[in-house]
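K.L.:
Here the protein sequences line up with chains H and V, keeping their order.
First residue of the first sequence: 0, per numbering that gives the first Met the number 0; consecutive thereafter.
First residue of the second sequence: 0, per numbering that gives the first Met the number 0; consecutive thereafter.
It cannot be assumed that every hint is accurate.
For the chain V half of the interface with chain H, some residues (derived, Cβ under 8 Å), not all of them [to be verified]: (1) Leu115; (2) Gly164; (3) Ile182.
In silico EDC-like links for lysine to aspartate or glutamate, alpha-carbon gap of 20 Å or less [what the hints assert, rightly or not]: (4) H/Lys88 with V/Glu183; (5) H/Lys90 with V/Glu183; (6) H/Lys90 with H/Glu131; (7) H/Lys137 with H/Asp53; (8) H/Lys33 with V/Glu168; (9) H/Lys147 with H/Glu106.
Hints were generated in silico from the structure; no laboratory data involved.
All residues carry an ideal CB built from backbone N, CA and C; glycine is no exception.
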Amino acid sequence: MLKTTQLKQIASAFGLTLLLLQPCVSYANDAQAKMKYTLFCSGCHTADGRGSGDPRIPDMRNFVGYFAAVEGGREFLIQVPGVSTAPLKSKELANIVNWMLRTFSAEQLPDDFKPFDEQEVERLRQYVLRSELGDTRKALVTRIEEYKNNN
Amino acid sequence: MKWFDKFFETRTRNIARTSSRRSFLSNVGKAVVGVSVIPALPVAKAAGGGASAGAHYPGVSPQPNTNEGDPGDPTTCEYWRYCGIDGFLCSCCGGSQSACPPGTEMSPITWIGTCLNPADNKHYIISYNDCCGKAACGRCFCNRNEDDTPMYRAFSNNDTNWCVGASSETYVCSTAVILGTSIES
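Excised from the complex, chain V in its bound form (with noise of 0.2 Å):
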């Protein structure tokens, strides 16, 4: 065992003559640091599962859809329906993809897009109406912008309250109800 001792006295030695222990010191504690920093960096949220990687707002149970030809869950960001979605959505918020919510009143002028339904690998028109009432809801905030439009294009802008419409002017919710398939030109 003698040369294990010597192997490791010399390693040791070396490595007390080349470095101070301040740089030790420095180095344990940028360790220390970036091991507690890593989890808060947008990127590790993300995989984590924030509202926009398919996790669920706390207390919104998942809605697995059913039906194969409108796979997904209406809960979260990622259904197909929502790409150009701005706002709350009326699945968590006491209604469906499709639906307001009780006491709500659907707004009657809406933004109109297309998105692609993985399923059958077809284009559908998607019209985002607003549902108005008292007070936004204020669950599953989802934003991903996809065909939007600045807001000369009013027709195709997220951003416009579609409330004005409706008797209340106050946005409670969004819903992605599906008016038919896109045909090419």
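Bound-form chain H, shown alone (with noise of 0.2 Å):
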């Protein structure tokens, strides 16, 4: 039999063991995230995200963070057709989000940015933004004029 202390020692020696692999599961996750970024997003956003140059296709850098700070963003963040159509699974899309935003636009992120998770992905994508698409991006552009003047 097993003494409590001994019981004590093994598990805080587990306790430590997932506490030191937890950076490489979010080291794999970001290699994951950036794999498909490029596989997917990056053939028209580019590598660094700086867009085309195209109006259609802008600038992400120091910017899409924004959207997750205003009224509506979180959702047309997802709701765009490229992200909430793209054949990924929501875990996977949840993963590559999160990873732009905090590769391209960390400082504009709210300090009370929450990350997506899988579940919050899945039931936004149900809607895909289509005509209305330029309209409703046009709109939150100016809440964030608006939020960026006040803050």
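Using the hints, put the two standalone chains together into the complex.
P.N.:
Below is the structure:
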């Protein structure tokens, strides 16, 4: 029989191992997100998110994070057709969008930003912005300008 | 030798009795036409070396790759990076598999797929950037289409003219640039 102290030692060693493994897991997630972004998004958005120069594929750098800060922006980030109709599982999509926000526009994310999870992406992607895409974006950009002036 | 003469006489008479001169002529005709048609069939062309069989486009010299990790000849359609290509090879147009010919501009937007490198058996992410300029190159046309998707999935469709993102919308040729390795989920 193991003594209580031994059990405690084993438990703490196990906990420490998990804690040490945590950065490895997030690194693997980031590598996976970057790879999927390259494969499914970078063809138009380019590797560093600068876009094509065409207004339909705008520069995401130091900007896309603002969407998470304004009302309706969080939904927009998932409901744009390129995201919601991508041939990827919701878990992968959540991982990619979180990675994009952190990589291209970390400073613009609100302090209380909560990363997307599988369930939220699955729920939001049921609706795809089509004909109203341009107007929705325009309204959100106006809200972003107001947000910038107030912060 | 009498038995020899007898043998052939009997055989010849038998043939003459059982077949008409017309059917003989018709069989000879079939043989003549058949022999001349066989080389024209597509299968014979492929074996003889059309553009899709590793042959070289007239006037383009072979460019065998000396790098063991990147095997093959980038002036042929069979080169491993071209698994999803649809267009003229820049390697035959004054450029290379990863660079545009002088005087052309690489489109900033592109379609991206993966190809298996036979050297290390790994899948690589390949970006098929179009080069854009004044006129289509017209040499070494290849159309392999592996991983190609329909037009409504534009980001991995190779029929799209990706030169829409460049200053000239005239397509010249295609490259196949390696962006990285593809890791399994």
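K.L.:
Against chain H, run the beta carbon of V/Ile182 and see if the smallest gap drops under 8 Å.
P.N.:
Holds, because the Cβ-Cβ distance from V/Ile182 to chain H comes to roughly 6 Å (cut-off 8 Å).
K.L.:
Does the structure keep H/Lys88 and V/Glu183 at a Cα separation of 20 Å or less?
P.N.:
Between H/Lys88 and V/Glu183 the Cα gap is close to 14 Å, so the pair holds against 20 Å.
K.L.:
Can you confirm whether the C-alpha distance between H/Lys90 and V/Glu183 stays at or below 20 Å?
P.N.:
Given pair H/Lys90, V/Glu183 holds - Cα atoms ~15 Å apart, limit 20 Å.
K.L.:
Straight-line Cα separation of H/Lys137 and H/Asp53 no greater than 20 Å?
P.N.:
holds (16 Å)
K.L.:
For the pair supplied as a hint, H/Lys33 and V/Glu168, is the alpha-carbon distance within the 20 Å limit?
P.N.:
Since the Cα atoms of H/Lys33 and V/Glu168 sit roughly 30 Å apart, the hinted pair is violated (cutoff 20 Å).
K.L.:
V/Gly164 was flagged as interface toward chain H. Is the shortest Cβ-Cβ separation under 8 Å?
P.N.:
holds (4 Å)
K.L.:
Next pair to validate is H/Lys90 with H/Glu131; report whether the Cα-Cα distance is within 20 Å.
P.N.:
Not OK: H/Lys90 and H/Glu131 at ~26 Å, beyond 20 Å, violated.
K.L.:
Holds or violated: V/Leu115 as interface residue toward chain H, Cβ cutoff 8 Å?
P.N.:
violated (15 Å)
K.L.:
Is H/Lys147 within 20 Å of H/Glu106, Cα to Cα?
P.N.:
holds (12 Å)
Going down the numbered hints, you'll see the structure goes against 1, 6, 8, while the others check out.
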